[in-house]
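Asks: Please work from the sequences and hints to get the whole structure.
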Amino acid sequence: MQNIAMLLLVKGVMIGSIYALISLGFNVIYRTTGVLNFAQGEFVMVGGLSAAWASGTGRVPLAGAIGIGLGTAAAVGWLVDALAIRPLRQASASVQIIATVGVSICLRALAAIFWGTDPCHLPPLQPGSVQLAGVAVEIQNLWMLGAGAVGMAALAVGFRWTATGRAMRACAENPEAARLCGVNPGRMSALAFTLSALLGGLGGILLTPVLSMSYDRGTMLGLKGFAAAILGGLGHPVAGVAGGLILGVLEQCSAWYSSLYKETLALALVVILLLLRPKGLLAR
Amino acid sequence: MNVPQPIPNRRLFRGPALLLVAILAFPLAARGDYAYLLPLGQLCAIYGIIVTGLTLLMGFTGQISLGHAGFYGFGAYVGAVAATAGRLPVAAALGVAVAAGALLALAAGFAVLRLHGHHLALATLCLGVILGEFINKAQITGGAGGMFDLPEITLGGLVKGSAAGKFYLVWAVAWLVVLWAVQLTASPVGRALKAIQGDEGAAAAAGIPVFWIKLKVFVISGALAALAGTLYAFVYTPSYLGPEEFSLMFSVTLVTMAVIGGMGNVWGGLAGAAVMTSLHELITLGGEKLGIVQVARWEQLIFGLLLALILIFCPEGLMPALGGWAQRARAWWGRRWKMRTRLEP
Amino acid sequence: MSAQEFLVVDRLSRDFGGQRAVAEVSFTLPEGALTALIGPNGAGKTTLFNLVAGALPPTSGAVRFRGQPVLEAAQATRLGVARTFQNIRLFPGLSVLENVLAAMGGHSFWQGSFRLPRRLEEERLRLKRAHYLLEDLGLAHLGEQPARTIPFGQQRLLEIARALALQPRLLLLDEPAAGLNRTETAALAELIRRLHGRGLSLLLVEHDMHLVMHLASRVIVLEQGRIIADGTPAEVQCDERVRTAYLGPPAE
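Protein chains in written order, with this note's numbering: chain A, 656 to 939; chain B, 765 to 1109; chain C, 130 to 381.
I should point out that these hints are in silico values taken from the structure, not numbers from a laboratory. It is possible that some hints are incorrect.
To be verified - The following label-pair restraints were derived from C-beta to C-beta distances:
1. B:L1049 x A:L866: 35 to 43 Å
2. B:L1049 x C:L249: 43 to 51 Å
3. B:R778 x C:F238: 21 to 29 Å
Unchecked claim - Heads up, incomplete: computed chain A residues facing chain B, CB under 7 Å, no partners named:
4. L922
5. V925
6. L929
7. P933
Ideal Cβ placement from N, Cα and C applies to all residues, glycine included.
Replies: Here it is in structure tokens:
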């Protein structure tokens, strides 16, 4: 029994670290532009699929494939900002959000055109597993956790202590005032989208060896990241990471309880958590 | 200064009257080669009913819902199960489904409407996914396989099997819904809804029972979505009811319809539903005319691009943009008219 | 019903996360009074105000208006208590006229669903009342404009107009003079006197001492959530504790 609990906890935290990465991406964009980016899951999909494709050609080593995945995701993030968000800078938030919905539809369609609709695979970064508290854990999963932790730490440090991070935060608070202080909100928005796509792409590359990736996986992953971000309290990246881990564990527990209705149970628990803490889990 | 007057009936009912004419005329135009437009028109009416409810909820009251595809599917399946396993006559099954949709919305709204903004969005989204998952996996709904050969609404044989008859039937319902929504939003209730959207605290201070009104609108929108679901199941495709229609993405599509039409009025929602529904068809049609072979592969991409283009060129939504253009055109004609009268004394 | 039972605040307390913003406050207002509530920043005036208006549930204690308990904001307006906000809160998307109309009821979904001649007649009546109310406050010429576009001083007036549309017996004004220039403040004082003259009872939170001392017949002083003085303006001005609260302890 204890072993099962441990297993669920470990697996939940592993998957949760991916959700945490996606929720970080949500928060980066939200804190800089005030936009809820519904194409976040598609960044994950693009990162995973492009890396899998590069690796599948057989001519690129794994490290190169990872680089290609990250680069493609970042480029897509930058393009999304340039093509869909920049022309709508003056529009209301709801219109910008719907624009990201349009973007997600386009990205899914493009992915289906370029990479087909079959699931793609990627070899793990490092095969094998280790014993952890009596549970066998694949090393790939540890990479996921480590990357999530590094991403979170880098982001927290970057947002708080670098001039660019402060400028990005200023943009979300008050774009007009930020402009008067010499900050270019357009540049910051482009940076936020690129950075957040990079985070998403990283999540995709880490996830693909474990669960494989296909053009339509992004939607659900984006939803999970969204749920994690909201659960923690939007605008608090660290809380969003906690939300991701909690969601991952909730999901594993519900999958253990009923594999058929695992989403239902996990999401019902999310709703209950929301009702108990309507201002976010870690809000005071 | 003159005392202001309410909108005269003639102006208020002009829209519904024009819509009625269009509804009556459409099947006459959609004949022969264009007969395939009739099912499309039915779908417009079904989506129009849901989006009208969403317009009241989002455009007027300012409460976002990303779960209405769930209510839509819930209505469709409750109706279908009541009519098959429950052996109820179709009309009774329809009533049961709408009542069940309203009850579900009442229970859900009671819980989630105390949340605001993004939190409400997430809660309703979870709700929609949960309902979708049930439809997809429960035994009674036929799971991913769906349900076959549902009874059809025939109105005593009046619309049996005829696409035009079905068109008139769903549009009759949609027209009544629109007629009702137009009156409601022009009444003090419409003001109260917009006040709640503006500032809930101030609305309460103005004597508006905020929570109850939000709950009523949520229940109405849930019931309308369920009603649309029954029309989908019993009129649009009685031969097969599958879970694909009621996915998470469709909830987002419904919100998109409400937004691109223009959020603040009933006609915007209807226009958004019509445009989004026919866009797919127009893309396929255009692709065939242009001789592009693999149009299906590109369809989603073009759809997304068109959506983005509409947003970029009409960020306020289609209806307000049309209104603006009409005004500008009128002003332009007016100026020309004045010039001409000046030139020719 | 005796005059004593008009507004009764009974041992009212409100905590915010362990912080006691209002502590065991009790007072009564007679009908027809023009009372001011003052106190240094953070004394709990706005919290007390929100409690009286039903916008916040109390931690303990109760508010009664004309014998009925105040439970919730919209219910308080039905009892006859209307309020304005410190930071103006209008309905930005509605026009000036609609802002007033929104407070005139008619929120029945059933009645709103059918545009019968009877409903139109009611709406005409509402429009007439709203128009005359705006005219009374000098805002009628702005009727069609969106509320967010009119000048600040007029937004303040519009908020008062919206509160008056509820036909209240007691009007709560939260810092009505904040942000107004001298002419506007004078006009506001005139308006408050005029409303009081018509028999309306008023309770105002105000920082402008000049205004308070000239208008109010009674002043309640709040400090750290407690009432430290209660009396005529002259009495309160001489009170040692009030002086200490506002100016700090007297120099040795």
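Asks: Does each hint fit the structure? Answer for all of them.
Replies: Hints versus structure:
Range check, L1049 (chain B) to L866 (chain A): Cβ separation about 39 Å, and the 35 to 43 Å hint holds. Distance hint check: the CB atoms of L1049 (chain B) and L249 (chain C) are about 45 Å apart, consistent with the given range 43 to 51 Å. Distance hint check for R778 (chain B) and F238 (chain C): the Cβ-Cβ separation is about 24 Å, which falls inside the suggested range of 21 to 29 Å. For L922 (chain A), the interface hint holds, since its Cβ comes within 7 Å of a Cβ in chain B; the closest pair sits about 4 Å apart.
Using the Cβ-Cβ criterion of 7 Å, the hint placing V925 (chain A) at the interface with chain B is satisfied: the shortest such distance is roughly 5 Å. The interface hint given for L929 (chain A) holds, since its Cβ lies 5 Å from the closest Cβ of chain B, which is under the 7 Å cut-off. Restraint check, P933 (chain A) versus chain B: the minimum CB separation of about 5 Å is within 7 Å; hint holds.
The structure meets every hint from the earlier list without exception.
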